[in-house]
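Student: Listed below, chain by chain, are the residues.
4 protein chains.
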Amino acid sequence: MTTTVVSVVTSRSQYARVKTALQALTEDDRVDFYLIVSGGALVHRFGDLSDIISEAGMEIDKKIHTLLEAGEPVAQAKTTGMGLVEYATAFEELDPDMMLTSGDRHETIASSLAASYLNIPVVHLEGGEITGSIDDKVRHATTKMADYHFVSTKRSKEIVSQLGEPADRIYRTGCPSIELAEQVVQEERTEYDPQTEYGGVGDTVDVSQDYIVIQYHPLPTEYKSNYDKTQELITAYEQLDIQAFWFWPNMDAGTDQVSKAIREYREQQDADGVRFFISLDPHDYLTLVKNAACMLGNSSVGIRECSYFGTPAVNIGERQQSREQGPNVLDVDCDADKIAEGVRSQLQHGSYPQSMIYGNGNAAQKITDTIVELDPELKPPMTPDLVGYQEKIDQ
Amino acid sequence: MTTTVVSVVTSRSQYARVKTALQALTEDDRVDFYLIVSGGALVHRFGDLSDIISEAGMEIDKKIHTLLEAGEPVAQAKTTGMGLVEYATAFEELDPDMMLTSGDRHETIASSLAASYLNIPVVHLEGGEITGSIDDKVRHATTKMADYHFVSTKRSKEIVSQLGEPADRIYRTGCPSIELAEQVVQEERTEYDPQTEYGGVGDTVDVSQDYIVIQYHPLPTEYKSNYDKTQELITAYEQLDIQAFWFWPNMDAGTDQVSKAIREYREQQDADGVRFFISLDPHDYLTLVKNAACMLGNSSVGIRECSYFGTPAVNIGERQQSREQGPNVLDVDCDADKIAEGVRSQLQHGSYPQSMIYGNGNAAQKITDTIVELDPELKPPMTPDLVGYQEKIDQ
Amino acid sequence: MTTTVVSVVTSRSQYARVKTALQALTEDDRVDFYLIVSGGALVHRFGDLSDIISEAGMEIDKKIHTLLEAGEPVAQAKTTGMGLVEYATAFEELDPDMMLTSGDRHETIASSLAASYLNIPVVHLEGGEITGSIDDKVRHATTKMADYHFVSTKRSKEIVSQLGEPADRIYRTGCPSIELAEQVVQEERTEYDPQTEYGGVGDTVDVSQDYIVIQYHPLPTEYKSNYDKTQELITAYEQLDIQAFWFWPNMDAGTDQVSKAIREYREQQDADGVRFFISLDPHDYLTLVKNAACMLGNSSVGIRECSYFGTPAVNIGERQQSREQGPNVLDVDCDADKIAEGVRSQLQHGSYPQSMIYGNGNAAQKITDTIVELDPELKPPMTPDLVGYQEKIDQ
Amino acid sequence: MTTTVVSVVTSRSQYARVKTALQALTEDDRVDFYLIVSGGALVHRFGDLSDIISEAGMEIDKKIHTLLEAGEPVAQAKTTGMGLVEYATAFEELDPDMMLTSGDRHETIASSLAASYLNIPVVHLEGGEITGSIDDKVRHATTKMADYHFVSTKRSKEIVSQLGEPADRIYRTGCPSIELAEQVVQEERTEYDPQTEYGGVGDTVDVSQDYIVIQYHPLPTEYKSNYDKTQELITAYEQLDIQAFWFWPNMDAGTDQVSKAIREYREQQDADGVRFFISLDPHDYLTLVKNAACMLGNSSVGIRECSYFGTPAVNIGERQQSREQGPNVLDVDCDADKIAEGVRSQLQHGSYPQSMIYGNGNAAQKITDTIVELDPELKPPMTPDLVGYQEKIDQ
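Residue numbers (UniProt numbering), protein chains in the order written: chain A, 1 to 395; chain B, 1 to 395; chain C, 1 to 395; chain D, 1 to 395.
Take the hints with a grain of salt, since some may be wrong.
All copies of an identical chain are treated as equivalent in the list; a pair is satisfied when it fits inside any one copy or across any two copies.
What the hints assert, rightly or not - Below, in silico cross-link-like pairs of lysine to aspartate or glutamate (DMTMM-like), each with a Cα-Cα straight-line distance of 25 Å or less: (1) LYS379 x GLU318; (2) LYS379 x ASP95; (3) LYS379 x ASP331; (4) LYS379 x ASP333; (5) LYS154 x ASP369; (6) LYS260 x GLU55.
Just so you know, these hints were derived from the structure itself, not from any lab. As the structure is a prediction and not an experimental result, all values here were calculated from the model.
Let the hints inform the model, and build the full structure from the sequences given.
Tutor: Structure below.
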């Protein structure tokens, strides 16, 4: 008896985080695994993942285009609506025993809702994390719809429980991205140059010298000031004297503002010392980050994977403000001087010791084993005692 | 300075519950109120509300058809997806200060998501209620996306808080449906016959004699057995010797099974003593219920409005199992004998004293006043302490 | 080398017309045939075809729910839009050599457009027919998008050519529905009673005596008067003294008005002598029609299949006004007296000789053979000479 | 009594072509004009038209985002489907007397279908034109759905008639784009430099010297070779010794291939002498074209507006192969040498005399006057004689 599992990949960052789990599910004989690729993961501008996924040995069962030209909140809402419409058709056809989803992005809720309507149990990875950004709304809403929770940290486990989820449905598997990080550590590629294989545009970076990795995403709730914020970051970088690999932002609302600032920087100010990429294979990306002198921006990678690598990270602004951090992270406001000062301080400090706060590198196997052992069914409705309600009813 | 509010009505039951609040918002000079009618509320089979709403003095600003032919979960998912796509367009055009939504049905989450993506603060009525049905998943997920909570009961207020919502964003306004109930009480229409005005089909009920009101909705998670369950209810009714007004079910998954059983009962077994209706104006419906000897089925009206009327209610099965109840409710399993016995026992008991568990009848004004006084903004991201997390981070 | 063909079935009437072709394609080893069932063909109210298709030996490859609660033009437009969105996904996944579509209904254009965008050659059955109804707009628009035309009649072939389509892309295959008619003729079931197998509601018809078959569809362009028109038909029937099988209308805009009139007739006027059905298997339906004393209404069956059977037909109003007719058809205005008079006259005349105007009963094989022999490719752009344009360009 | 007209603008090229008509409708007191902006016209990458339209004195009544991330046929199909869904809602709300659409692009058919379903008469501009590209499929299909035809040329008028449209519903108004061209001619801006106002990227062009304008769009049916074709064009340009303004392609399937080739040319080969733009205001764009030494590519502007200006044009490949041409056009295959030779020959020839093949510059007023005088109603169904069918029916 095999267990049938379906999962939807909608962006490169989400893919990077769950890749090892998807591979483990693909390879395990006890599991029939269906992979749907959708949204930004099919779009060149944000890094079409089709080839990358195939090269990683996974078959793509369905491609479902849903991404409206983004950069505006209304387009994100519609992308989610399109996803809901079409994932429903796909899930009904595939008729899986469970649907595995991850994280906090808006596409997440489309697959969770579609599965919920179809009475397919939802397994949610990375619930209970608190970053302090608007994405958390979606994450916690997904927790309330999910039937099983595979969490990364001790804090997350406790928070999911406090949100009224039954304890016997919460598993601490660790984050599958840490498993990928562990693979990267074991390979010991201490000097890796992505420019040969991936191209990119801009100056050539000498990877035998110190470099930093920059990844700055828009903040959807304040999307009109994303242009200004990106310029603070550019001004900060101009004050520093170090090479950089700079990655284009994800497709959240505001992405056009961030991209515009970067594009002007490249075209009108030369962007000395910077190499720009759309995306790398997650494995290569993490190798680049592991070897970096510092990670700069507001990506969760600075906090999550870098804690495992010990790579110093400068975390800008509010996007990750409440996320659990290891010792490697320095938080700064989105101000050019403070950003530059933060990077200088981290470069001086150098590498940090490894932290296992997000897992110890065997999440994929844990996830697969747990899935196989589950006899998946919808969770019972929440009862008052699950959120600690005990008083007598007043009348 | 007026406050601009938008709300979406998608079904007759939802409309009945919020009608007084919508009217108060329409009439209040401090508020610009936009009403969108959508989904099942535009469909004849489930009671097209267009005329009813106009007659109640409210203008319909937009009609948005979203309802796929229902009776199957996949159609519900798609209806929600269509709603998300089109509400996003509508909300962007109307550009309101806040979006008011209510309850727990699947359409709710489409408007909540659309507003969330567009950074429009969401006000959620009736959060924190626990019924024990699958609808609660959607209700609690909506709570995690909403920015303000206007709850009905003390228990609900505490539960919303336990789910990690800031205390200063939770208002106990009571349920606007109780205000409608209070209006009905004040009118003192002790004998009301809907057959003249609305027609209906089946036998003629003599409203000067005892009658019961039956309303039985499908259970989406087990939608294949809804036919059998409805037959239990029919068998139970056949054992009783009392007239009945029977209302067709809502459009949840499984509605075709319930309808089929009722239709066969009508067409092949005569359904002696029963008058069938699709829907009445909420006001007339509640008058009918207030005067009834007993309310039978699994509608929340038996628990909510009937507690205020003191009308005895027999509540079948799990759909409302964890909902807060006043003394007027008798819970029974979905078994013909037990249902019949329950009705007999309630008929013998007769009317109960009024309970104010769901509010004291002034919710609409409280809601309007609170909205006017709000300076609406998105809630801050949830922090760990809001769900009572206090331990130090482990590493 | 097999040819891969996909087709979408969206209603019972469309299915009835192409059934033999779909079966021939399913059974032919030279063809990989994919069948998508969608729209009204999945909805109970209009006759869910899933079981009927499976029993006919065909596998359903995809079910795609698209039907919005109909009865309003806006819902039809949205149903078509939903179809376009999802058929595009399905066609991309199946990657067929061609897409086979039929007829004139609005769903047709969704599949034709989806295929056109994806550069999949479109084969259109039943192009060039002129009925005189608004459906023709869609039919002729589809002709302009189709790459191959499999037509039924000589007139159709000439009209498709006049519309600027290349002669070598127009094949006169005959209509596959006539093949089904031929099968029915060969079976010689001269007395067939659908009431045992299908139930239905209303009076019992004695099939050893004369009966008529009534099928009246709404006219979308004037959908507000469909209620009145249906009442003319009812009044006409009341003047006659013959039993009838009456079929509910299709899901075109206006269906609610037609249904309402029929429902009231049934519930308030008893409808003496009438048995009502939602739908039968096409085979059984045609047997019933073949044995009927007269076919009454505005269905194309009265003109198309009845010409082959020689069953007298009374064709009401404009819906089929320009369709090619055999000698068996009497056209009448939608007026109660004229309808009744027409039926009386046809009953007196009795059966007509067989006409082969719509084909000689081997269309399915011709269609399949033609498909196998095609090396399908997109048609070249239309040139001025194809529509007979010869003058010199003026400047 | 005013006439209510709605129109949907979905791309910059379509806007350019109808701008004067939209302005005339806006300004005319006899018309209530509603403008919907949608699709590519709302997307930065293809030139967001919101500001441009507002600056031209027109109010945007609705913005409807529909554009899926393009470059793939499946995304175009879905964009059309989304449009159909949402235009239906918008048209029902606005309830216009007619819907005005133009041209041949895929978005056209979404608005035509939505209006057809809602029984709103469709007025189609630019029907009957034959370009020889796949776009014609959509144009001729739209002709078969449209109720009125406002055509540009004598040939178009005859072709629309041959396609079976009633002669009294075909008006030769001329193309509104020629009116814009006439305005540009009258202004006598013989030296216009867009670089000051619009920026653009690449080298600076000296507009006091000869320059050419390049605009090359993808061919959807062969979208995989668009990259190679664009490289032929680049190689051709490299052989020439003249400055160029190069405009990015439209959003048709294949746009990513064209863009990729251009981007590589810019980033890796320097693109000496070329200034790249996304888009200009139509007025400014035509001024630039009028002053150009040659127009190069496959845009209809080279044939349509340039015939009126007398600007020499080199038309590459099949995209416009059957379009009516004035004497200013030289057709060449998509081969680097032939393109270069064509441009050299046109540069040597210099300016051509004005041709009025596409109208004489007063189309906008003619269109508006015709609309006001119409008493718009749906066209009658096509009858056999309209396509010249006269034979007796064979049986």
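Student: Tell me, please, which holds for LYS379 and GLU318 at an alpha-carbon limit of 25 Å: within, between, both or neither?
Tutor: The answer is between: 14 Å across copies meets 25 Å, while 34 Å in one copy does not.
Student: Within a copy, between copies, both or neither: where do LYS379 and ASP331 come within 25 Å Cα-Cα?
Tutor: Classified as between; 22 Å across copies, 38 Å inside a copy.
Student: Using 25 Å as the alpha carbon limit, work out where LYS379 and ASP95 are close: within a copy, between copies, both or neither.
Tutor: Only inside one copy: LYS379 and ASP95 sit 18 Å apart there, 38 Å across copies, limit 25 Å.
Student: Should LYS260 paired with GLU55 be assigned to within, between, both, or neither, using CA atoms and 25 Å as the limit?
Tutor: Between copies only: 23 Å across, 32 Å inside.
Student: I want to check one pair: LYS379 and ASP333. Are their C-alpha atoms no more than 25 Å apart within a copy, between two copies, both, or neither?
Tutor: between (41 Å within a copy, 21 Å between copies)
Student: Up to 25 Å between alpha-carbons, please classify LYS154 paired with ASP369: within, between, both or neither.
Tutor: within (20 Å within a copy, 43 Å between copies)
Checked against the numbered hints given earlier, the structure satisfies every one of them.
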